[in-house]
Amino acid sequence: MCGIIGTIGFKDNSKLDLKNLSHRGPDSSGKWSSLENEFPIVLGHNRLAILDLTKSGYQPLLENNNRYVFVFNGEIYNFLELRKQLESEGHVFKTQTDTEVFLKGLISEGPEFQLRCNGMWSFCLWDRKKKTALFGRDRFGKKPIFYSLIGNEKLVFASEMKGIYPFLNSVQPNDNINIHLQKLFDYESTENCVISGIKRVPAGHYAVYKNGKLTTKRWWNTLDHLEEVPKSYEGQVDRWREIFLSSVKIRMRADVRIGTALSGGLDSTAVFSTMNFLSGRKDSKVRESKDWQHGFCSHFPGSDLDELKWAKIAAKSLNVPLKIVNIDPLKSKWSIKDSLYHVEDPYNTLPIPMLETYRAMSNAGVKVAIDGHGADELLAGYGELTSLLKSSNSNETAEITAIMDSLESGNYKFNSKSLKINFIKYKFINYLKTYLRKPKNFLTSVLVKNDWEYFRYKLNYYDQSHPEFKRLDPLSQDLYESFHITILPTLLRNYDRYSMASGIEIRMPFMDHRLVTYTFSLPWTSKVGASYTKRIMRDALKGILPEQIRTRRDKIGWNAPLHEWFRGSLKNEINELISKKMLSKKVKKYWYKFQKKKNLEMVDGQKLWRVLMPELWKISLFEKTHKL
1 MCGIIGTIGF KDNSKLDLKN LSHRGPDSSG KWSSLENEFP IVLGHNRLAI
51 LDLTKSGYQP LLENNNRYVF VFNGEIYNFL ELRKQLESEG HVFKTQTDTE
101 VFLKGLISEG PEFQLRCNGM WSFCLWDRKK KTALFGRDRF GKKPIFYSLI
151 GNEKLVFASE MKGIYPFLNS VQPNDNINIH LQKLFDYEST ENCVISGIKR
201 VPAGHYAVYK NGKLTTKRWW NTLDHLEEVP KSYEGQVDRW REIFLSSVKI
251 RMRADVRIGT ALSGGLDSTA VFSTMNFLSG RKDSKVRESK DWQHGFCSHF
301 PGSDLDELKW AKIAAKSLNV PLKIVNIDPL KSKWSIKDSL YHVEDPYNTL
351 PIPMLETYRA MSNAGVKVAI DGHGADELLA GYGELTSLLK SSNSNETAEI
401 TAIMDSLESG NYKFNSKSLK INFIKYKFIN YLKTYLRKPK NFLTSVLVKN
451 DWEYFRYKLN YYDQSHPEFK RLDPLSQDLY ESFHITILPT LLRNYDRYSM
501 ASGIEIRMPF MDHRLVTYTF SLPWTSKVGA SYTKRIMRDA LKGILPEQIR
551 TRRDKIGWNA PLHEWFRGSL KNEINELISK KMLSKKVKKY WYKFQKKKNL
601 EMVDGQKLWR VLMPELWKIS LFEKTHKL
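Okay, so the sequence shown: first residue is 1 according to this note's numbering, each after it adds one.
Possibly wrong hints are sitting among the right ones.
Under the rule of at most 27 Å between Cα atoms (straight-line distance), these lysine-lysine pairs were calculated in the DSSO-like manner [what the hints assert, rightly or not]:
1. Lys337 / Lys618
2. Lys183 / Lys624
3. Lys333 / Lys316
4. Lys285 / Lys84
Hints were generated in silico from the structure; no laboratory data involved.
Everything numeric in this text was worked out from a predicted model, so none of it was measured.
Construct the complete structure from the given sequences, taking the supplied hints into account.
Structural data, given as structure tokens:
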């Protein structure tokens with residue numbers, strides 16, 4: 001896991017500064033530049049050493065008599081198996097790294113080698129003979145790569161946009177991207193970026209740069225890899241369990257200490273419990289870290305958003321220690337503006353709790369976090385049922401009713417007021433009244449997407465016409481959108497910045513491509529049923545998950561208690577900006593209205609952040625980049 005940066009076609013590379021990405025790779029840095037008479041190119045690398053901690057793992061890496069120069073950011077979890085296959089084909093290895101395995105595979109097979117890899121990555125491979133650069137990105141976009149085409153035959157790329165800023169004439173927001181909250185999930189799955197003049201290689205794509213032109217091609221589509229699943233639910237559960245155990249197992253391959261962001265929720269506890277289960281097995285362990293028993297829980301004392309109670313239950317049941325990370329903005333390394341600049345993109349919650357949690361991991365000597373991200377979007381953890389409710393066709397009535405029935409006994413509250421607000425303009429109230437009995441309980445999270453109709457258009461140019469997409473049931477179609485297009489790509493971007501700010505690599509077992517393709521091949525009844533969301537995971541991990549967590553129905557999420565902080569620890573910072581007239585009259589008015597309100601709730605803090613965030617983000621961007 002590292003930070004990569006480079007230029008192509010620049011005779012003057014004084015603006016390329018590895019320090020801009022030093023947080024991503026604090027262990028070493030290296031730079032390669034072309035010889036005097038060659039086409040000018042510079043490749044830089046900041047290393048976070050996870051596998052083969054020796055100098056042999058330093059990058060840039062050269063191969064085939066120095067014809068190829070390679071910089072790599074990521075991990076290939078099945079590198080041992082791939083190495084064995086490549087050795088049988090005659091390849092000789094000099095290091096014990098996954099980087100060398102990936103490089104040799106790319107040289108031998110081209111971009112299609114990525115199909116054989118299980119992991120996360122972004123890279124640049126320079127062919128000195130053909131004067132061609134190959135860029136690539138993993139299936140789901142866990143590892144980023146940005147670029148900017150500047151002038152004639154010039155390109156600069158980096159793992160974060162801040163590595164590109166010095167090369168731009170000015171750093172300005174992209175006017176074609178609406179940074180207000182309701183539009184924040186619109187662009188991450190595309191090539192478009194929030195900063196004008198910068199683009200990204202989209203997830204599951206590779207790009208070739210030659211003769212001043214860059215062309216991209218999609219190499220992965222989940223829909224092309226759906227599979228036949230066992231007919232019986234019991235068989236489906238057994239297979240899901242098998243894949244998940246394998247997914248966690250290969251992600252424990254590391255030569256360093258491993259930790260987990262343990263909230264006590266279902267997803268993070270599933271990962272932690274499975275590591276505990278696997279560590280107790282007698283089967284062979286190759287390159288797996290034995291130092292994994294490190295759980296870290298963000299603590300918001302006195303807040304309704306605090307989940308320490310559940311984290312303690314999980315840790316006690318597994319007999320492992322728990323590190324409590326008290327989150328206090330006043331004691332944080334990060335101001336609001338600093339955190340927004342580092343994360344780079346605006347988002348619907350304050351980054352400080354996440355940044356501080358991963359900083360605590362780093363301070364404890366952890367370099368790898370194995371976390372539960374991706375499970376909500378894969379297994380309907382948000383109660384994503386909007387697409388099931390979309391159509392008024394009578395033949396869907398039975399299916400919709402069945403889903404409601406399956407969830408009614410759960411702890412999910414039906415909010416009729418929210419329903420009217422969100423759906424009356426789509427004449428959906430009448431459909432519910434006409435075709436369905438009024439449900440006593442329902443998933444609140446069904447109602448949180450204010451513009452859910454708008455979100456659905458993005459699939460039109462993406463995968464909606466794919467024959468396999470049309471075969472998916474409505475719930476799986478909705479999940480596909482959340483997983484590939486809107487919610488998860490945005491979260492992946494954020495967690496890359498949160499963790500890499502402190503030199504922490506996040507591995508995500510729920511995003512193993514084998515598990516993803518298998519789960520999307522399952523019917524909706526395997527994902528939601530028996531009064532539970534994430535049904536198949538709960539059943540598959542029975543006996544592994546602590547029972548109190550396995551049967552838990554409530555969900556809080558990892559959010560900051562902004563409604564409390566804006567009255568307390570963050571109040572002075574905002575007041576100072578107002579006094580300096582750096583915030584608009586609209587924000588000022590909303591701020592004072594918030595301060596006067598009695599009986600504040602979480603939603604009040606969220607609404608205030610929606611007003612504050614766009615302006616705070618622009619201020620942070622201007623202040624930092626103005627100094628470049």
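Now for the hints, and whether the structure bears them out:
For the suggested pair Lys337 and Lys618, the alpha carbons sit about 9 Å apart, so the restraint of at most 27 Å is met. Only pairs whose Cα atoms come within 27 Å are accepted, and Lys183 paired with Lys624 is accepted, the gap being roughly 25 Å. This hinted pair does not check out: Lys333 and Lys316 have alpha carbons roughly 30 Å apart, beyond 27 Å. For the hint linking Lys285 to Lys84, the alpha-carbon distance of about 16 Å falls within 27 Å, and the restraint holds.
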